[in-house]
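My request is simple: use the sequences and hints to build the entire structure.
Number of protein chains: 2
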Amino acid sequence: MTTLIDPALTAVNGPREGAFGNATHLVCRACGAEGPLGPFYACMECFGPLEVGYAFPEITREQIEAGPRSIWRYAPLLPVPADIATFRSTDPGFTRLVDAGNLAADLGLKRLWVKDDSGNPTHSFKDRVVAVALSAARELGLKVLACPSTGNLANAVAAAAARAGIRSVVLVPENLEKQKILASAVYDTTLIAIEGTYDDVNKLASEIAGEEEGWAFVNVNVRPYYAEGSKTLAYEIAEQLGWRLPDQIVIPVASGSQLTKIDKGIGELIKLGLVEDKPVKIFGAQATGCSPIAQAYRAGQDVVAPVKPNTIAKSLAIGNPADGPYVLDVVRRTGGLIADVDDTVVVENIQRLARTEGIFAETAGGVTIGVTAKLIADGVLDPEAETVVINSGDGLKTLDAVADKVGPKTTIAPSYEAFAEFWKGRRP
Amino acid sequence: MTTLIDPALTAVNGPREGAFGNATHLVCRACGAEGPLGPFYACMECFGPLEVGYAFPEITREQIEAGPRSIWRYAPLLPVPADIATFRSTDPGFTRLVDAGNLAADLGLKRLWVKDDSGNPTHSFKDRVVAVALSAARELGLKVLACPSTGNLANAVAAAAARAGIRSVVLVPENLEKQKILASAVYDTTLIAIEGTYDDVNKLASEIAGEEEGWAFVNVNVRPYYAEGSKTLAYEIAEQLGWRLPDQIVIPVASGSQLTKIDKGIGELIKLGLVEDKPVKIFGAQATGCSPIAQAYRAGQDVVAPVKPNTIAKSLAIGNPADGPYVLDVVRRTGGLIADVDDTVVVENIQRLARTEGIFAETAGGVTIGVTAKLIADGVLDPEAETVVINSGDGLKTLDAVADKVGPKTTIAPSYEAFAEFWKGRRP
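In the order they appear, the protein sequences are chains H and G.
Okay, so the first sequence: first residue is 1 according to full-length UniProt numbering, each after it adds one.
Okay, so the second sequence: first residue is 1 according to full-length UniProt numbering, each after it adds one.
No lab work stands behind these hints, which were simulated from the structure alone.
Some hints could be false.
Which copy is meant is left open, so a pair is good if it fits within one copy or across any two.
Said to hold, decoys possible - Computed list of lysine-lysine pairs in DSS-like fashion (alpha-carbon distance at most 27 Å, straight line):
no., residue 1, residue 2
1, 308, 424
2, 203, 143
3, 424, 409
4, 264, 409
5, 178, 281
6, 203, 424
7, 405, 203
8, 374, 405
9, 271, 180
10, 281, 143
11, 405, 180
None of these values were measured; they are calculated from a predicted model.
Next comes the structure, spelled out in structure tokens:
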């Protein structure tokens with residue numbers, strides 16, 4: 001084992017025994033170097049991104065099913081202590097897996113489920129990753145939970161920190177929509193508006209993470225733990241299908257972390273014998289206005305060239321996605337691919353999901369349904385195969401996207417006669 | 001048994017066997033007259049409101065625990081068929097019961113839970129009642145699901161109808177905030193804006209219900225079924241506490257239906273032996289700007305004089321609450337009471353709940369927490385007793401309430417120096 005971290009760094013006030021459950025080490029995704037668990041995110045050998053490695057004991061379905069109705073039922077599969085459920089968190093996860101028969105019929109699919117993460121405490125999948133990052137921060141003795149964000153992540157960090165009784169700092173671009181600011185500031189987080197773009201905010205976050213002691217920037221210095229939270233989407237899908245895997249999954253892609261971790265989670269389930277081994281094709285979905293990985297896929301490249309985002313799907317608008325190459329690996333290995341749709345299609349598919357299943361998704365959901373429809377039309381997705389799509393967030397947070405598209409069918413005087421005139425010919 | 005409905009009305013195309021599960025009849029809450037199940041809501045003897053009566057078989061905890069993770073686990077206790085879970089609905093309920101230690105400490109309570117209904121599919125408790133109304137509409141062969149509404153109810157009806165594949169019509173006042181219109185219209189409901197106030201809209205709804213055939217106005221002609229949905233709040237609280245009852249519950253009051261049905265649900269749990277019998281004090285919470293029942297309580301009256309609502313808590317702004325007298329009955333019988341707080345306190349308590357527990361409530365939640373705090377200060381609520389408060393909706397729907405109260409703590413240049421200057425003296 002190559003040691004990539006100076007052990008002296010963790011020797012003093014190291015984390016308690018069992019702080020990270022069955023996790024045993026960090027491993028570089030680029031060069032494979034290994035090192036101890038700690039607040040590290042870049043390999044000292046090659047600067048590659050680190051991820052969490054485990055030594056799993058036997059884990060049974062019964063053991064999981066007896067757990068809490070949240071991601072903590074999968075605690076043995078996460079870098080969290082066995083007593084995680086005794087700490088105050090927002091207890092996200094175990095959201096609905098909606099058997100989406102209407103949408104399936106509309107799309108021409110035989111069997112389709114929507115994993116609806118708008119049911120999380122702050123209504124996006126970010127509650128999952130933040131909950132795991134919060135645990136890591138606590139176990140590492142860090143005192144401030146922080147993030148750069150333009151929306152969902154800020155909501156999740158501010159809420160989780162409030163619940164846990166830990167300080168939080170949220171950095172946002174000063175021109176962020178007031179609604180998004182309110183929905184984080186209400187938790188009494190230290191919300192700091194930055195005179196600059198999201199890129200400026202991100203850069204400043206890394207600087208602060210380097211300069212200040214005791215900070216856990218969830219998506220920077222505790223990112224290896226944070227990212228593991230997305231594996232729970234795979235676990236829940238499998239459990240909610242009756243401990244089996246679907247044939248194909250369509251996943252929204254921003255940094256790409258969610259997609260790669262769902263793939264990792266599937267691999268773990270198979271390895272542990274919790275589900276039967278079978279191939280699962282993984283598909284990625286981006287908005288055309290920010291589709292660097294889809295472009296690289298189409299060009300047959302292994303590297304992802306950064307782009308300047310220009311899309312209404314703000315929660316997916318990461319122009320330089322950290323997990324880009326790993327996303328390409330996963331979709332190629334599993335027989336999937338990554339594609340994109342433009343903003344008009346995004347809005348149409350927000351409406352499609354709402355109209356057919358009564359689920360109001362944020363723009364990212366419109367991207368995922370839109371790409372699903374496109375892949376069916378292109379003959380790429382198998383219409384006979386069991387399909388799952390991820391809805392990662394809530395339409396109440398991106399109301400502007402549909403503002404010009406939906407509204408009253410009519411405006412009438414408050415009389416039955418006026419109503420009857422309108423309803424004439426529309427009677428069922 | 002007095003027959004209050006002409007049996008000829010239900011003889012043709014009557015509902016199928018078992019359409020309403022263990023429900024057996026409708027009963028007048030005013031005079032006690034009984035009649036058959038059907039689309040009826042007012043007693044033909046005395047015009048009193050009807051409610052659903054049951055003949056329950058033995059129902060066990062194990063039976064319920066084996067059911068789905070939604071209100072349908074309580075199907076044997078609701079006027080729905082045994083196969084209800086096979087129909088497409090939004091499957092609401094089984095929301096988080098948050099052990100609210102931080103808020104308890106802040107309020108000076110020993111043990112407090114928040115029943116957080118913002119986790120429902122359209123983020124309010126209305127999904128519960130609409131799901132039961134939808135079932136009744138289907139079983140009665142009604143073809144249009146409809147409501148007058150100013151927000152949460154419209155969202156819930158439009159989403160549930162979309163999912164079920166049934167037409168919906170939602171009537172709203174034309175001056176309703178655009179955000180609220182969007183959040184219903186996105187489901188492709190027939191949203192009709194009415195030139196008038198909410199009272200005008202309500203009146204028109206009753207007129208249409210009387211004139212048109214095949215309509216289920218959820219809160220008008222299928223109201224007896226609709227209202228039963230609120231009982232599930234009591235069932236879930238008891239089950240989530242480990243099949244036992246709390247000592248006191250604080251409940252937001254609009255029409256008063258939620259409060260009276262929670263009380264009814266508690267009575268059923270005790271009668272069926274699902275929980276140990278014990279007294280539960282029921283407290284009601286209103287906004288001062290629409291507090292007709294609290295005023296009647298204070299005046300020692302049995303009748304509730306209508307008021308003209310003037311409060312930011314729009315989802316509680318019913319000036320002439322249908323269940324007013326029954327609310328007075330319940331709080332007096334159980335040793336509770338009903339009180340109110342003004343809009344300033346409402347906003348402070350939205351912030352209090354967000355700051356302490358990471359839960360962002362709509363204005364109704366601010367009312368409930370505010371009244372809870374007031375009752376503690378007044379020595380009315382027992383601080384040693386186990387307390388549950390209901391959060392019935394989501395802060396994302398009433399962002400305006402906090403718009404002038406929360407925001408960035410500072411705005412700085414995108415440099416570490418600017419940050420360090422701000423952070424100086426704030427280090428943990």
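Hint check results:
In this homomeric assembly, residue 308 and residue 424 never come within 27 Å of each other (Cα to Cα): the closest approach is 51 Å inside a single copy and 34 Å across copies. Proximity of residue 203 and residue 143 under a CA criterion of 27 Å is satisfied intra-copy only: 21 Å inside one chain copy versus 56 Å between copies. In the homo-oligomer, the alpha carbons of residue 424 and residue 409 lie at most 27 Å apart inside one protomer (14 Å), although the nearest pairing across protomers, at 55 Å, exceeds that limit. Within a single copy, residue 264 and residue 409 get their C-alpha atoms no closer than 46 Å, and across copies no closer than 39 Å, so neither meets the 27 Å cut-off.
For the identical chains of this complex, residue 178 and residue 281 are neighbours neither inside a copy (40 Å) nor across copies (41 Å), given an alpha-carbon limit of 27 Å. Taking CA atoms no more than 27 Å apart as the test, residue 203 paired with residue 424 passes between copies only; the shortest distance there is 20 Å, against 60 Å inside one copy. For the identical chains of this complex, residue 405 and residue 203 are neighbours neither inside a copy (36 Å) nor across copies (29 Å), given an alpha-carbon limit of 27 Å. When the C-alpha separation of residue 374 and residue 405 is checked against a cutoff of 27 Å, the pair qualifies only within one copy, where the shortest distance is 21 Å, while the shortest distance between copies is 44 Å.
With identical chains, the CA atoms of residue 271 and residue 180 are never at most 27 Å apart, being 41 Å at best within one copy and 47 Å at best between copies. Within a single copy, residue 281 and residue 143 get their C-alpha atoms no closer than 41 Å, and across copies no closer than 41 Å, so neither meets the 27 Å cut-off. In this assembly of identical chains, the alpha carbons of residue 405 and residue 180 lie at most 27 Å apart whether taken from the same copy (21 Å) or from different copies (14 Å).
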